[in-house]
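These protein sequence lines are chains A and B, in that order.
Position one of the first sequence corresponds to residue 1 (my numbering), numbered consecutively onward.
Position one of the second sequence corresponds to residue 122 (my numbering), numbered consecutively onward.
Don't take every hint at face value.
[Unchecked claim] With the Cβ distance kept under 7 angstroms, some of the chain B side facing chain A (calculated, not the full set):
hint, residue
1, 261
2, 367
3, 518
[As the list claims (entries may be wrong)] Think about it this way: if two alpha-carbon atoms lie no more than 25 angstroms apart in a straight line, the pair counts; the simulated BS3-like pairs of lysine-lysine are:
hint, chain 1, residue 1, chain 2, residue 2
4, A, 36, B, 464
5, A, 40, B, 356
6, B, 346, A, 36
7, A, 36, B, 344
8, B, 353, A, 51
9, B, 230, A, 36
10, A, 36, B, 403
Hint data in this document are derived by calculation from the structure and do not stem from the laboratory.
For every residue, glycine included, the Cβ atom is placed at its ideal position computed from N, Cα and C.
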Amino acid sequence: MFYLLEAVNWSQIWVITAVGYSVVFSALILLIFVFKFMPKVLNMQLKRRLKKEGKYVEQGDTEEQYIAGEVNAAIGTALGLYFSDLHDDESKIITIKRVERRYSPWSSKIYNINNVLPSRR
Amino acid sequence: MVTLLTGGDASAQDVLQGSGADSSSALAKGMDTFWNYTGFSNISFGNIIMIVVGLFFIFLAIQFNYEPLLLVPIGTGIILGNIPFVEGFQIGIYEDGSVLNYLYFGVVKGVYPPLIFLGIGAMTDFSSLISNPRLMLLGAAAQIGVFGTFIGAMALGFEIHQAGAISIIGGADGPTAIFASSKLAPELIGSIAIAAYSYMALVPVIQPPIMKLLITKKERLIKMKPPRAVSKTEKILFPIIGMILTLFISPTALPLLGMLFFGNLLKECGVTERLAETARTKMIDIVTILLGLTVGASTQASVFLTKESIMIFVLGAASFIVATAGGLLFAKIMNLFLKDGHKINPLIGAAGVSAVPDSARVVQHEGLKSDPSNHLLMHAMAPNVSGVIGSAVAAGIMLSFLM
Numbered sequence: 001m002f003y004l005l006e007a008v009n010w011s012q013i014w015v016i017t018a019v020g021y022s023v024v025f026s027a028l029i030l031l032i033f034v035f036k037f038m039p040k041v042l043n044m045q046l047k048r049r050l051k052k053e054g055k056y057v058e059q060g061d062t063e064e065q066y067i068a069g070e071v072n073a074a075i076g077t078a079l080g081l082y083f084s085d086l087h088d089d090e091s092k093i094i095t096i097k098r099v100e101r102r103y104s105p106w107s108s109k110i111y112n113i114n115n116v117l118p119s120r121r
Numbered sequence: 122m123v124t125l126l127t128g129g130d131a132s133a134q135d136v137l138q139g140s141g142a143d144s145s146s147a148l149a150k151g152m153d154t155f156w157n158y159t160g161f162s163n164i165s166f167g168n169i170i171m172i173v174v175g176l177f178f179i180f181l182a183i184q185f186n187y188e189p190l191l192l193v194p195i196g197t198g199i200i201l202g203n204i205p206f207v208e209g210f211q212i213g214i215y216e217d218g219s220v221l222n223y224l225y226f227g228v229v230k231g232v233y234p235p236l237i238f239l240g241i242g243a244m245t246d247f248s249s250l251i252s253n254p255r256l257m258l259l260g261a262a263a264q265i266g267v268f269g270t271f272i273g274a275m276a277l278g279f280e281i282h283q284a285g286a287i288s289i290i291g292g293a294d295g296p297t298a299i300f301a302s303s304k305l306a307p308e309l310i311g312s313i314a315i316a317a318y319s320y321m322a323l324v325p326v327i328q329p330p331i332m333k334l335l336i337t338k339k340e341r342l343i344k345m346k347p348p349r350a351v352s353k354t355e356k357i358l359f360p361i362i363g364m365i366l367t368l369f370i371s372p373t374a375l376p377l378l379g380m381l382f383f384g385n386l387l388k389e390c391g392v393t394e395r396l397a398e399t400a401r402t403k404m405i406d407i408v409t410i411l412l413g414l415t416v417g418a419s420t421q422a423s424v425f426l427t428k429e430s431i432m433i434f435v436l437g438a439a440s441f442i443v444a445t446a447g448g449l450l451f452a453k454i455m456n457l458f459l460k461d462g463h464k465i466n467p468l469i470g471a472a473g474v475s476a477v478p479d480s481a482r483v484v485q486h487e488g489l490k491s492d493p494s495n496h497l498l499m500h501a502m503a504p505n506v507s508g509v510i511g512s513a514v515a516a517g518i519m520l521s522f523l524m
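Input sequences plus hints: build the corresponding full structure.
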């Protein structure tokens with residue numbers, strides 16, 4: 001066992017471990033930065049557009065507003081129930097549409113496979 | 122058939138026309154040859170053990186509902202792979218030209234894992250991650266399981282490529298583990314896949330004791346702010362930016378991360394609903410069936426029951442424990458730097474191991490045990506999906522170092 005451990009180039013193993021772990025961290029940290037600042041950039045564009053259109057209202061309180069999970073669930077359930085009930089409200093106009101079928105020998109009953117009418121016994 | 126029945130020594134005429142002692146001896150010889158071709162004649166003790174393991178997997182899936190979509194195909198595959206047969210008739214998974222061998226091609230060449238990732242991308246909602254990006258750190262922290270297992274495998278005497286392949290079990294991500302081992306150590310695919318999927322199925326058993334050990338009662342009661350609403354633009358930009366950034370850092374993870382983000386783009390862009398629907402339902406189901414069955418069938422006792430397999434199972438268990446502990450402890454460390462009201466519930470650190478969505482479900486369950494009104498599922502999904510990205514990046518790094 002000790003012979004095996006001595007045969008391993010441990011410095012290489014530690015380098016792979018250290019570099020690998022730090023690369024995983026740096027990749028995800030990079031994503032964190034991008035997605036931390038992305039909403040700000042998107043909001044900035046929106047703010048500029050709204051200002052141009054004169055629809056922008058300055059918010060006094062900069063604290064983010066959160067809705068509790070239970071409230072979200074209640075809203076979601078209500079919307080779900082509402083949309084699932086929508087099918088009951090129909091137009092009340094029931095029409096049987098006439099379907100026109102063009103004649104084609106491919107679907108003709110006259111030309112069946114054997115071209116022989118079934119015989120009666 | 123006649124030749125088979127008569128052991129190849131008697132002709133059909135002998136059997137049909139012969140009479141008396143001749144035909145009865147030919148028939149006896151035939152029956153003897155037939156017996157030699159049956160599974161009963163060729164069975165080994167190893168086959169019996171593996172068939173019992175397969176039955177146990179099926180039992181776990183049906184009785185306890187542990188990852189049934191994986192354990193039923195894998196368990197059935199283990200039974201199929203260990204039915205004894207005479208080689209040379211293109212039956213076994215390792216015989217060129219057999220049906221199972223053709224299906225196994227997708228495992229050996231790493232075709233199935235990216236397709237699974239496409240489906241995962243198409244079914245995953247990254248909103249919680251986008252709304253609270255700092256939770257991605259937990260997904261990165263849990264990857265200590267990968268690198269810890271790498272050191273452990275080297276210490277146990279595995280060759281460096283094999284150690285790299287085994288280490289990905291610590292990422293708790295079956296497709297990534299299969300993909301990495303298909304490139305680094307194809308001879309260990311069966312053992313690695315079975316270990317990864319077994320421990321993924323056992324996440325509800327492995328993680329709670331570690332959570333109880335490392336997280337105090339007070340910490341478990343921490344309530345987190347609900348995630349903010351995420352705009353559609355952010356959801357569309359996430360897979361595009363994520364794909365470009367992560368693949369520029371780790372291009373070897375391209376098949377996995379590329380497909381994951383592509384699947385998510387199909388879901389979020391809003392104009393390819395049909396493709397997203399196919400990727401997250403029928404396609405992933407088909408690939409899961411093929412992957413599970415062939416990985417299971419690859420565990421023929423003669424190639425699977427070795428000292429290496431046992432060591433891989435030991436390393437796998439250790440890697441899951443280390444990864445879970447890594448996530449939990451990092452969450453506690455993060456809390457030291459966060460202000461009151463912004464602290465995170467450290468339980469969600471356990472979801473950093475990427476077993477999606479089982480580990481997030483375990484976090485929710487454990488959170489509810491401490492406080493029935495504390496729902497952690499949405500918060501846990503953030504480290505959970507970042508764990509998927511983290512383990513794919515880790516696999517890419519291993520591949521780029523060792524290939």
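Evaluated hints:
no., hint, in the structure
1, 261, "holds, 4 angstroms"
2, 367, "holds, 5 angstroms"
3, 518, "holds, 4 angstroms"
4, 36(A) to 464(B), "holds, 17 angstroms"
5, 40(A) to 356(B), "holds, 15 angstroms"
6, 346(B) to 36(A), "holds, 16 angstroms"
7, 36(A) to 344(B), "holds, 22 angstroms"
8, 353(B) to 51(A), "holds, 22 angstroms"
9, 230(B) to 36(A), "violated, 38 angstroms"
10, 36(A) to 403(B), "violated, 35 angstroms"
Hint check: violations occur at hints 9, 10; the rest are consistent with the structure.
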